[in-house]
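Student: Protein chains in written order, with our numbering: chain W, 174 to 336; chain Y, 390 to 1035.
Take these hints with a grain of salt, some might be off.
[What the hints assert, rightly or not] Now the stretches of chain Y that chain W is said to cover, found in silico as 3 or more residues with beta-carbon under 8 Å: (1) 437 to 444; (2) 624 to 630; (3) 641 to 651; (4) 711 to 719.
[What the hints assert, rightly or not] If you only want the chain Y side, here are some residues facing chain W, beta carbon under 10 Å, derived: (5) V449; (6) V458; (7) D699.
[Said to hold, decoys possible] Sample of chain Y residues at the chain W side, in silico, Cβ under 8 Å: (8) A405; (9) L406; (10) A408; (11) T411; (12) G412; (13) V413; (14) L415; (15) R453; (16) A461; (17) V465; (18) V620; (19) Y655; (20) V657.
Since the hints were derived computationally from the structure, they do not count as laboratory data. Using N, Cα and C, we set each Cβ at its ideal position, and we do this for glycine too.
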Amino acid sequence: MTFLRQPQRSVAALTVVPAAATTLALAGNATGAALGLVGTVVLAVGVTVASRPGVSLGALVLLGGVLAAGTADVSPAALVLGAAGAVVSWTTGQHVVGLATQLGREAPVQRSVLAHLASATVTTLSVGLVGFLAYRVSAGSVPGVAVGFLLAGVVALLLALRS
Amino acid sequence: MSHSVDTPVVFEHPLALAAGLTGVALGLVAAVGVDVVPPLPERPVATAVGGGLVLGGVVVGARRLATSVEQADPPVVEFRRDVEVPGASFDRTLSTAVHGGFEERADARQTASERLRETAAAVLAAVERIPVDRASERVEAGEWRDAGSIDDPLDERTGQVTVDRVRTAVGGRSSVERQADRTVAELADAMPGFAGPDAATAGIASTGVEGTRSDDTGPVDRRTHRWTGVVGAAMLAVGVGVFATLGGGVSSLVVAATVVVGGAGYAVVATVPDVSLAVERRVDTGRPEPGDEIEVTVTVENTGDSWLADLRVVDGVPPGLRVVDGSPRYATALRPGESVRFSYTVGATRGGHAFDPVRAIARDPSGATERERQVDATGATSVECAPDLGATGAVPVFAQAARQTGRVRTGTAGEGVEFHSVREYRQGDPLSRVDWNRVATTGEFATLQFHEERAATVVVVVDARRHAYVTDDLEGAAVPERQLQAADRLASSLLSAGDSVGLAAFSPEWCWLAPRGGDTQRARIRRRLATHPAFGPNRPTEPFYGRPPLRRLREALPGHAQLVVCSPLCDDYAVELLREFHARGYPVTVVSPDPTGGDSTGQRLAAIERAVRLSRLRRWGVRVVDWDADEPLPAALEAADRRWSE
Chain W
174 MTFLRQPQRS VAALTVVPAA ATTLALAGNA TGAALGLVGT VVLAVGVTVA SRPGVSLGAL
234 VLLGGVLAAG TADVSPAALV LGAAGAVVSW TTGQHVVGLA TQLGREAPVQ RSVLAHLASA
294 TVTTLSVGLV GFLAYRVSAG SVPGVAVGFL LAGVVALLLA LRS
Chain Y
390 MSHSVDTPVV FEHPLALAAG LTGVALGLVA AVGVDVVPPL PERPVATAVG GGLVLGGVVV
450 GARRLATSVE QADPPVVEFR RDVEVPGASF DRTLSTAVHG GFEERADARQ TASERLRETA
510 AAVLAAVERI PVDRASERVE AGEWRDAGSI DDPLDERTGQ VTVDRVRTAV GGRSSVERQA
570 DRTVAELADA MPGFAGPDAA TAGIASTGVE GTRSDDTGPV DRRTHRWTGV VGAAMLAVGV
630 GVFATLGGGV SSLVVAATVV VGGAGYAVVA TVPDVSLAVE RRVDTGRPEP GDEIEVTVTV
690 ENTGDSWLAD LRVVDGVPPG LRVVDGSPRY ATALRPGESV RFSYTVGATR GGHAFDPVRA
750 IARDPSGATE RERQVDATGA TSVECAPDLG ATGAVPVFAQ AARQTGRVRT GTAGEGVEFH
810 SVREYRQGDP LSRVDWNRVA TTGEFATLQF HEERAATVVV VVDARRHAYV TDDLEGAAVP
870 ERQLQAADRL ASSLLSAGDS VGLAAFSPEW CWLAPRGGDT QRARIRRRLA THPAFGPNRP
930 TEPFYGRPPL RRLREALPGH AQLVVCSPLC DDYAVELLRE FHARGYPVTV VSPDPTGGDS
990 TGQRLAAIER AVRLSRLRRW GVRVVDWDAD EPLPAALEAA DRRWSE
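Bound-form chain Y, shown alone (with noise of 0.2 Å):
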């Protein structure tokens, strides 16, 4: 915004200022006939000055060529803002490598041949059991040929980036992402025991969300240079124009003319128009359950004394809501005192969910220029809707997946149901326990010992670190509702099997709840995991980073503690977590709700990270129960549970 908005600067430009006035001048003394200059010859006059308009219009129209329009790019409100799609970093990247501009289509592809680079050796590692800087060489090297294709280089060839521009403006797909999906193929076959996501089922194209810089613009004036270049076409009817006069008379043609430098003209002198809004919004349930719709209802009045011609608004919608129905935005015009009212449905999601202030950009009739506002509404700010994990029906309790987690067999000799050993009487020791069989024969008393059976004491760890907010289905139940569903069931079946069940969170909130068994532990359990800020519906804007978190939470667990983590395993760093503490003697099982779907490359490419994921956590010696969208999560268990015991 390096020019001021309300008046055009007209001294910048002091060459065709002069060349301007001089030819009004010439006009009006040629038009009026006065003999202050000699009668000018008509035809090379009518040559010079209409060819010289016709060039001039080439070049100022070329001008538009290398301008883009610049306008108020408003966030995407209608879906859930505080969760990612994985991969949908990858596919932006990918997007860029034929959108951006020269260099950064460079970086792009670089970035992107990096990732596959990288996925391709953690691949190898998996298959061949090698460390990764062993598989990273062996990759650099052209070794593998089972991915063959990641040694065909990502660069652009001369012209393609034109042919793909035009083949993804009609929908088609860009040569790089052909590319990168061929490589992404072969690494998906490579890895044993993928089978990947389901494309047919996954249903939804969320290829990543655009636009979803929120929190970018305070008010801003800019002009939009939407009428760049028209000087040019209007430059070019009074050339043709004029050499049509050479004919005789003054051609009609530059009539017709004056309309488009007046066109031209009109949009140079605008200003930006005055925004004073009064909004109101109003919703119309007080508390909503999970699942309702909301109904909201916004009113826009121009309180101000200018005519708004072009007036668009857009409503803050909560970044944890998504649009069902409707539109949160409208565009009009308003006179001063008048409003106009639009409503649209949201659907309720668990916790407190704040709108953000209206956005407000208004533009002058031509919209050469526009100015951007954030109007705080009046009325309703905010949606709360009840807490609603109690009600999700009754706990099916799995004796595998209570056995794996919760009660376990110790080595110790006591009280229990399976054979240990036998050894001699002591007295004291119950008469059920002697083995009267071993009296009857040899006449000495001999006390059978059992497997002592304890209860075991497992914390429930739920990942709500930024990067677990991510989701394959911006529609539906978002992964961090899906984790904190797990830990529910599974907290209320490890109870329900007589252990000691502990809450915790991988968060930059610290949420602890010591282990304890019983009925009151599974409500203290419920109300954590439904109110507590850790599991808020909005993505924590601080990192869960560093050691001091870490080794809190380490302090807090009892020595005999296992863990039981609810994660969606969509960073590496969460691998890296759950290694530390299975490795530091805290037996470690992760329920993994799986958010990678199979509608683009990057969706693909993130899926195949997280089977490398899983993969490595397994090597480790970690229980991993890999829960898909579609299956209900004892299914998953049970999968789980045949696995170990085979």
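Here chain W stands alone, though its shape is the one from the complex (with noise of 0.2 Å):
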């Protein structure tokens, strides 16, 4: 017997389940609702082999998705959550490639599963609602090119945050 640095089927499982949200919330387009079932398949794989790249790889086409509906005017609410599914998918699938690695398939790890996934559920879900509302509340009122101003600056401080 070797020590299998693969997930259990059970655990990786739950990587899906974000991944399929999204998949839901870009229905109502049709190039978003492939990408994104294109993308929780290659996840589900990725995490299943305990791939990172993999992982990674499902979760940008999932993002491709986002993007692909974005364009074509499917409602801010869908676009968040999609988003929040995409990015809860990936730190998911990322952590538990991250248990497998270390702790191997014997070890029991749902609660740490269950705990990352649901911390990133709120803590995503958090920022997107409060993306929302000032998008709800400014609607109209505020030019496209600052709110893309001031995102950019945001990124550039992270850029600079980084170690």
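With the hints as a guide, bring both chains together as one complex.
Tutor: This is how it looks when you write it as structure tokens:
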């Protein structure tokens, strides 16, 4: 018997839940939904074989689905939900792969994965809710370029803060 | 760990900082609508900002490809860590030749190629009975056609690595491994009398234990680089969102992008959690017998004030014990004051086994930082397992084995059963030995002489060097145990045949029991084998090497002693040792438990290398008993005896 560094199926399945949520949220747009479906499958395979690049690729395809749906005027609430699903499934997938390579297949990790899933969901949805409310309040009154500048500035600050 | 983990360093990237502050300022100004700056033309600005973000996002995201996620790599405590699988090092080399960095791969291919050539030379030397130097020259010159594939270089072709990596990821074998395998198969065919280990019966794939470095870490804080490149995804999202705003108003896509930005930001400001744990370990049996199953229960309590969002613990299973059920690892989230309990089962083996400290790995909720600590557990700190060598049942005594190694028919005339010569009667010769036939026919008195049978003096030597702690079966009985069993049975059967038997060890721990006969000696040898530190369950850390220990052993040996050595013969120094004693007039018989398997290329290569060693020893006149794992020892002795009497 070798020490198997792959997650249990039941744990890997938890990762697929937010990815599936993204796909559902994008159901209004054909391209978005298709990309969501492909992303979900890639992500599921990536998690099952404990591949970090596989998980990232799957999440990237999910994000591509969100962007494709976004350019086609899907409702902002669905987009926020889709983006949150992509982020949560990515971070949970990475978490599960990390646990699998560090602790192996036999270790009981459900509690840890559920805690990570919950905290990531709460965090991303909170951020999304704030953004969504700001959007609703300011709709029409703020020029798009201003918001673009703001977000670009924040991203640059994040780059400055990285270590 | 060049960066401080606790606080992100802002001023290391002044350009990004300046750009960020400017961007936020411009955004705020434009949002509030203050006419400080002239109104910007929407289209070119949006195109420039959006295009820049998309491009930048791709560049930043691509960094992910060059970054590897760092995380604690706790040792594989599930298996015995004090034994090595023969050939595992070669398998690791082959794996490095595919998965290593550029230079590592080249080195690994070089190493693998050299080892194959060395083995080829040794096999050729054994086949043609020529010196290894000459054989080596012939192999280098490509003159040996039986192992033709040795001449194909193990060079790496362009693009091959990617193909190999994909292939190994889906459970296939790399091209370098298949090529090495071809050479190994040719060598196995060429090696005379080598049947090869049976891959089917070995059953257990044990291609080396991964991550066996055990005593590597003290407390460590690290950034995992897990979120590297996510800012790139955020930039991409915002960039596409800005393009989308060209249609008029704020695109809803920009709102979605805030989620990604928020996630990345959360990871940047994360700090390492404080780890304060109390760990208690309980073991259900006080004095287990070897083979018993022991349940170990570990309770972990968060005694600190902070919430541990992501805590992973790995119990320090003693190196000599194997986990048979459950897992000594656990991952959970733990509130202050909360505790979790998990349990697993180990199989008991002989000796005292001390637990190592528990390894705790805590991460912040985002997983961006990690803190690794070792925590000493309270409660059970060791498992004592009663020695059991005495309880192996009746030792079968085999006439052949005893005669080969024990009872020695000397060339000296005297008392005995086998006729030697006749000599003139001398006063005092016992009447029973007078040749009465001769008296009747010639009237002369003569005395019959027989071969005198002396009890042999045998010293049983157990090879307990580091290199002797090998096995092909990480789940079953380790080879050191088999050597001890062999030593016990051999000593017992020699004593039954009336020989004097002593005990010694090739080990950094000095062990010596002078040869004597009788049942008391049997008990003494048993006790020694069961309790002496030289035969402990854990692999010795010191090497056994050099003149002083050998001289000490030679000085202790009686001049007429012969040696019975129990050794797996998995390194060349073992052969040198035996040759040295044999050449110095201590006849050597070696009983060698076969620890080689056939599951991997490395294991098959190790089996050939061992066969070469056996053949070399035989050529020097050393008697070799090759003891296969599936075979009872008496059967192996009998087979060897038949071979010797041929």
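Student: Hint by hint, say whether it matches the structure.
Tutor: Outcome of the hint check:
Counting residues of the region 437 to 444 of chain Y whose beta carbon lies closer than 8 Å to any beta carbon of chain W gives 4, which meets the minimum of three for the stated coverage. Three residues within the 8 Å Cβ limit are the bar, and the region 624 to 630 of chain Y against chain W gives 6, so the coverage statement holds. Here the region 641 to 651 of chain Y counts 11 residues with a CB under 8 Å from a CB of chain W, which clears the bar of 3, and the coverage holds. For the region 711 to 719 of chain Y, the stated coverage by chain W is satisfied: 4 residues place a CB nearer than 8 Å to a CB of that chain, which reaches the threshold of 3.
Interface hint status for V449/Y: upheld, as the beta-carbon distance to the closest one in chain W is roughly 7 Å, under 10 Å. Hint status for V458/Y relative to chain W: holds, with the closest Cβ pair at about 6 Å, below 10 Å. Contact between D699/Y and chain W, as hinted, is supported at the beta carbon level, the nearest pair being about 6 Å apart and thus within 10 Å. A least Cβ separation of about 4 Å between A405/Y and chain W falls short of the 8 Å threshold, and the interface hint therefore holds.
Taking 8 Å as the C-beta cut-off, the interface hint given for L406/Y holds, the closest approach to chain W being about 4 Å. Evaluation of the A408/Y hint against chain W yields a held restraint, the C-beta minimum of about 4 Å falling below 8 Å. For T411/Y, the suggested interface contact is upheld, since its CB lies about 7 Å from the closest CB of chain W, less than 8 Å. Given the 8 Å rule on beta carbons, the hint for G412/Y holds: about 3 Å separates it from the nearest Cβ of chain W.
Of the supplied interface hints, the one on V413/Y holds, with its beta-carbon coming within about 3 Å of a beta-carbon of chain W, less than 8 Å. The interface hint given for L415/Y holds, since its Cβ lies 5 Å from the closest Cβ of chain W, which is under the 8 Å cut-off. Taking 8 Å as the C-beta cut-off, the interface hint given for R453/Y holds, the closest approach to chain W being about 7 Å. For A461/Y, the suggested interface contact is upheld, since its CB lies about 6 Å from the closest CB of chain W, less than 8 Å.
Restraint check, V465/Y versus chain W: the minimum CB separation of about 5 Å is within 8 Å; hint holds. With its C-beta approaching chain W no nearer than about 5 Å, V620/Y sits inside the 8 Å limit, and its interface hint holds. With 8 Å as the threshold, the beta carbon of Y655/Y comes within range of chain W, its nearest partner Cβ sitting at about 6 Å, so the hint holds. Taken as an interface hint, V657/Y checks out: its beta carbon lies about 5 Å from the nearest beta carbon of chain W, inside 8 Å.
In this structure, every one of the numbered hints holds.
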